[in-house]
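Visitor: Listed here are the chains, written in short residue letters.
Protein chains: 2
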Amino acid sequence: MTEVVITGIGQTEVGEHWDISLRNLALRAIQAALNDASKGGATPPPRPQALFVGNMFAPNLSNQAHLGALITDYAGLDGIEAVTVEAAGASGGAALRQGYLAVASGMVDVALVLGVEKFTDKVGSEVEEAVSTTSDSDFEAVQGMTTTAQAALLMKRYMHENNVSVNGFAGFALTAHANAVANKNAMFRKAIKTETYAKAEMVSDPLNMFDMAPNADGAAALVLTRRDLLPSDFQRRLVKIAGSASSADTLALHDRKDMLFFDTAQISADKAMRQAGIVLDQISFFEYHDAFSIYAALSVEAVGFAIKGQGWKLAEDGSIGLKGKIPCATMGGMKARGFPGGAAGVYQAVEAVIQLRGQAEANQIPNAKYGLIQSLGGPASTAISHILSILD
Amino acid sequence: MTEVVITGIGQTEVGEHWDISLRNLALRAIQAALNDASKGGATPPPRPQALFVGNMFAPNLSNQAHLGALITDYAGLDGIEAVTVEAAGASGGAALRQGYLAVASGMVDVALVLGVEKFTDKVGSEVEEAVSTTSDSDFEAVQGMTTTAQAALLMKRYMHENNVSVNGFAGFALTAHANAVANKNAMFRKAIKTETYAKAEMVSDPLNMFDMAPNADGAAALVLTRRDLLPSDFQRRLVKIAGSASSADTLALHDRKDMLFFDTAQISADKAMRQAGIVLDQISFFEYHDAFSIYAALSVEAVGFAIKGQGWKLAEDGSIGLKGKIPCATMGGMKARGFPGGAAGVYQAVEAVIQLRGQAEANQIPNAKYGLIQSLGGPASTAISHILSILD
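Protein chains in written order, with numbering that gives the first Met the number 0: chain R, 0 to 391; chain L, 0 to 391.
One thing to keep in mind: the hints can contain errors.
No distinction is drawn between identical chains; accordingly, a pair holds when it is met within one copy or between any pair of copies.
Within a straight-line C-alpha distance of at most 20 Å, the following computed EDC-like cross-link-like pairs (lysine to aspartate or glutamate) qualify [what the hints assert, rightly or not]:
| hint | residue 1 | residue 2 |
| --- | --- | --- |
| 1 | LYS198 | GLU315 |
| 2 | LYS38 | ASP232 |
| 3 | LYS270 | ASP108 |
| 4 | LYS198 | ASP137 |
| 5 | LYS189 | GLU12 |
| 6 | LYS155 | GLU315 |
| 7 | LYS121 | ASP137 |
| 8 | LYS256 | ASP391 |
| 9 | LYS307 | GLU2 |
| 10 | LYS270 | ASP77 |
| 11 | LYS256 | ASP77 |
| 12 | LYS189 | GLU200 |
| 13 | LYS198 | ASP254 |
| 14 | LYS38 | GLU200 |
| 15 | LYS239 | ASP391 |
| 16 | LYS239 | ASP227 |
| 17 | LYS312 | GLU194 |
| 18 | LYS38 | ASP257 |
| 19 | LYS312 | GLU127 |
| 20 | LYS256 | GLU139 |
Rather than coming from a laboratory, the hints here were simulated on the basis of the structure.
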């Protein structure tokens with residue numbers, strides 16, 4: 000099998016970018032990634048031949064579809080192949096997967112993977128309407144079910160089944176906020192205490208403000224190529240995509256056999272690990288999709304870091320901390336780095352590369368060798384898992 | 000290079016499907032394609048592992064994003080990989096290309112490619128608003144430029160530069176309508192005369208009702224696999240994807256060097272032909288993207304069937320007819336089969352397979368060996384070309 004490597008990474012700050020348009024936000028991340036790729040050796044890197052854009056809501060929130068062609072134009076890449084990839088909140092992971100498949104196929108030598116999203120130009124009701132398109136429009140959204148209300152129902156059921164109190168979820172937010180302090184691209188660089196969590200404003204009972212990630216603007220980009228195409232003078236420590244897998248499940252919760260188990264998170268993580276030839280214990284860190292704290296709890300269970308119903312304990316006992324057994328959300332996760340929709344999965348990859356290169360500074364996981372990143376659409380209606388690793 | 004073959008095709012009628020939802024329309028096409036694939040031999044075909052959905056407007060016009068997961072669920076394919084691919088009007092071609100890359104990569108053994116679109120549940124102004132998201136929102140759409148007005152400007156400039164009258168474009172509509180008569184899935188199965196065209200209602204001067212394809216509902220699907228994975232008892236005449244390429248250009252016309260030449264249509268067709276190892280003369284038929292008659296004229300010029308400024312003559316002198324030098328829109332094209340948005344590119348592939356299998360009956364091109372299909376997004380802001388051929 001062809002080895003696909005990541006030669007460049009780029010990201011913008013995550014936050015409210017009212018002063019910059021969607022296309023320019025995308026351009027910043029692309030330029031940063033191409034610039035980063037050019038630092039690997041003396042030979043200038045070849046021009047990308049394809050652009051895969053992960054985006055959820057530009058047609059609804061920015062009146063702009065057809066991002067592939069638009070962004071290649073603004074990035075000075077006219078003529079190359081370009082397409083937008085959508086799988087709700089997993090759009091970033093989906094763009095990475097399509098870029099990976101294109102390079103692995105041998106048809107594309109150098110691919111750019113971009114995630115970009117602008118949430119904050121619009122008011123809450125418009126955003127809520129857009130977000131609701133990701134759930135089942137005929138059976139859930141039409142009944143007034145928002146994704147937040149859906150997560151709240153999952154959380155309540157989880158608390159009931161497993162005899163957990165709301166405060167049992169605090170550790171997810173505390174860890175995320177602690178890890179974001181040193182990440183200069185994070186939206187919320189402030190640690191919080193258990194009391195802050197306990198007193199937080201209720202959003203949808205039992206889910207409070209700290210149980211959900213903030214919708215934000217941001218863009219992140221990756222340069223992918225095949226290992227055998229690298230110039231001989233490429234010197235930087237290289238990260239490869241050792242495993243890649245994707246799986247889909249029902250949108251509507253009522254169609255699940257067990258709504259408290261994320262089947263697709265398990266299926267895609269298992270498949271990616273098999274491809275990488277590793278077992279769970281070899282994973283150095285896990286960038287989960289903590290759009291909601293209940294998603295984080297169900298994700299660590301699905302992947303196998305905790306048994307069913309016990310995932311919350313990993314947050315409570317410090318296991319997901321930077322020095323814990325399985326560090327998660329190492330740069331702040333969606334909760335504190337922020338949730339830039341279709342860019343989120345690409346941010347995860349950028350952060351994993353930083354960890355694997357050993358450039359994470361205060362947030363560095365010692366001897367990080369294999370990173371699992373997982374991008375979810377809705378309540379794991381889509382799950383896309385990638386294993387990134389240091390190239391031997 | 001791995002050979003990727005099409006083992007199954009499916010399509011619904013193109014038209015106004017007010018009685019059937021988006022997901023069920025998709026399901027019909029998928030079931031037809033899987034059923035068709037099962038007729039190739041005695042061994043039941045393996046379950047698809049991935050679904051690539053081409054769609055433009057479900058989030059805007061059906062309040063439904065995240066189609067990948069939704070449709071796998073309804074198709075009884077839970078757990079497989081699924082994603083939506085968007086490149087404006089080229090979304091269908093883009094889905095085919097992603098499916099092709101996935102199978103060619105060796106990561107996916109059997110892929111389903113689906114195009115689905117529902118336009119007609121909404122009124123004209125809502126559709127127009129959605130369609131406008133495919134053009135440059137900051138520089139064209141915001142000025143009130145619709146895609147139809149944009150095509151009218153192109154047509155007017157073409158007429159001026161090349162000294163052609165409006166009636167010079169009649170041949171495109173006449174050919175399309177003539178070819179749709181025998182296609183039971185076509186929207187308009189009625190031949191028209193030159194006088195009908197000449198008297199047609201003006202839409203955007205000089206573009207009349209017969210210069211544009213009707214927005215319609217429809218779904219089409221393909222089953223792709225690798226040749227070496229076919230069961231030994233597979234007997235049906237097989238069609239392979241001999242060439243596949245995609246190219247992007249500016250959305251806004253004012254950024255083009257020459258707005259009367261479709262660069263991307265040339266680039267992607269040339270690349271696909273090179274991959275297939277053929278030259279222009281070997282192409283038996285051309286399914287162009289005749290969303291507007293001016294697109295058809297510019298497409299035959301870009302690909303090389305006519306010199307610049309002379310493409311309209313191929314329509315006038317009968318060269319694009321079923322018995323002509325280069326038959327185009329052989330089943331009615333977008334003009335008369337109808338334009339089901341993100342499904343259009345997949346309909347082209349289904350129709351090309353029918354031609355290459357020799358199943359086109361009254362519309363059969365004798366000895367069809369290589370078919371070129373081309374899916375455009377906007378005025379060739381994206382162009383995706385595929386060469387389908389009979390497997391030797």
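Visitor: Cα distance capped at 20 Å. Does LYS198 pair with ASP254 within a copy, between copies, both, or neither?
Guide: Result: close neither inside a copy nor across copies, 35 Å intra and 54 Å inter.
Visitor: Checking an output row: LYS155 and GLU315, CA cutoff 20 Å. Within, between, both or neither?
Guide: Intra 18 Å, inter 69 Å, cutoff 20 Å: intra-copy only.
Visitor: Please work out whether the CA atoms of LYS270 and ASP108 approach to 20 Å or closer within one copy, between two copies, in both situations, or in neither?
Guide: Answer is between: at 15 Å across copies they meet the 20 Å cutoff, but 25 Å inside does not.
Visitor: How would you classify LYS189 and GLU12 at a CA-CA limit of 20 Å: within, between, both, or neither?
Guide: Classified as within; 15 Å inside a copy, 57 Å across copies.
Visitor: Between the shortest in-copy and the shortest cross-copy C-alpha distance, which are at most 20 Å for LYS38 and ASP232: within, between, both, or neither?
Guide: within (11 Å within a copy, 53 Å between copies)
Visitor: First find the shortest C-alpha distance between LYS256 and GLU139 inside one copy, then the shortest across copies, and answer within, between, both or neither for a cut-off of 20 Å.
Guide: within (17 Å within a copy, 48 Å between copies)
Visitor: Using 20 Å as the alpha carbon limit, work out where LYS239 and ASP227 are close: within a copy, between copies, both or neither.
Guide: within (12 Å within a copy, 28 Å between copies)
Visitor: Quick one: LYS189 to GLU200, C-alpha cut-off 20 Å, is that within a copy, between copies, both, or neither?
Guide: Within. Shortest intra-copy distance 17 Å satisfies the 20 Å Cα cut-off; inter-copy 64 Å does not.
Visitor: If the cut is 20 Å between Cα atoms, do LYS121 and ASP137 qualify within a copy, between copies, both or neither?
Guide: between (25 Å within a copy, 16 Å between copies)
Visitor: At most 20 Å between C-alpha atoms: does LYS256 with ASP77 qualify within a copy, between copies, both, or neither?
Guide: between (47 Å within a copy, 12 Å between copies)
Visitor: Up to 20 Å between alpha-carbons, please classify LYS198 paired with ASP137: within, between, both or neither.
Guide: neither (36 Å within a copy, 43 Å between copies)
Visitor: Is it within a copy, between copies, both, or neither that the alpha carbon of LYS256 lies no farther than 20 Å from that of ASP391?
Guide: neither (41 Å within a copy, 47 Å between copies)
When held up to the earlier numbered hints, the structure conflicts with 4, 8, 9, 13, 14, 18, 19 and fits the remainder.
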